[in-house]
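Build the full structure now, drawing on both the sequences and the hints.
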Amino acid sequence: EAQVTQNPRYLITVTGKKLTVTCSQNMNHEYMSWYRQDPGLGLRQIYYSMNVEVTDKGDVPEGYKVSRKEKRNFPLILESPSPNQTSLYFCASLGQWDYEQFFGPGTRLTVL
Amino acid sequence: AQTVTQSQPEMSVQEAETVTLSCTYDTSESDYYLFWYKQPPSRQMILVIRQEAYKQQNATENRFSVNFQKAAKSFSLKISDSQLGDAAMYFCAYRSNFGNEKLTFGTGTRLTIIP
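As given, the protein sequences belong to chains A and B, one line each in that order.
For the first sequence, this note's numbering gives the first residue as 1, with consecutive numbering after it.
For the second sequence, this note's numbering gives the first residue as 1, with consecutive numbering after it.
These aren't lab readings, by the way, just hints derived from the structure by calculation.
Relax, there's no trap hidden among the hints.
With beta-carbon atoms standing in for the labels, derived distance ranges: (1) A:S82 to B:S28: 32 to 40 Å; (2) B:A16 to A:S82: 46 to 54 Å; (3) B:E10 to A:T110: 23 to 31 Å; (4) A:L112 to B:R110: 25 to 33 Å; (5) B:D81 to A:P83: 38 to 46 Å; (6) B:E10 to A:I12: 27 to 35 Å; (7) A:P8 to B:E15: 30 to 38 Å; (8) A:K18 to B:R43: 22 to 30 Å; (9) A:L112 to B:A16: 41 to 49 Å.
Please read all numbers here as calculations on a predicted model, not as lab measurements.
Backbone N, C-alpha and C define an ideal beta-carbon position, used for all residues, glycine too.
Structural data, given as structure tokens:
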């Protein structure tokens, strides 16, 4: 089954404790991206990757890092989380000739 | 930069009736895609319908159709014969056909279906 998986689905942490949210896709997609969803703001892009070892900032990259060492994986790293990073996070992937971005199930992050 | 505006934070409709969700966007580009996504309580993002800007014909998917007015930069979603399962948050989104495949989302419209 074609899918994008994210782990964990829920996470409660404290300010300053480094965390990683994993994202993996099994569709051999070149493009992957991270979004955060906040009430009244819709979804906003954090980082994206056009292919292995190629990453770039989206609209709200501050406080986040990413890496793309393998085509299927695109982890989101919060080196020192802060309460304003409490949000719902989505990973998405897209094939080179596709229209539809496939979204993961979302990760609800709470930073206390 | 492109922007997407959804001016209706909430809408409600009687079951079996028709409802239209509004979306406007701003861009200087001529080649792009527009999408409507549904987000039910499960939070999963589900693609409802897409429209390519170069196509004049409005897209249709079963009970879902769009009214695409390129000159007016308007992209509304019509849901016919509304069903309880249509209750969700609906997001309008824009994607350029150049460079970053970023989706630019509106702020969403929460649709309630009244039995």
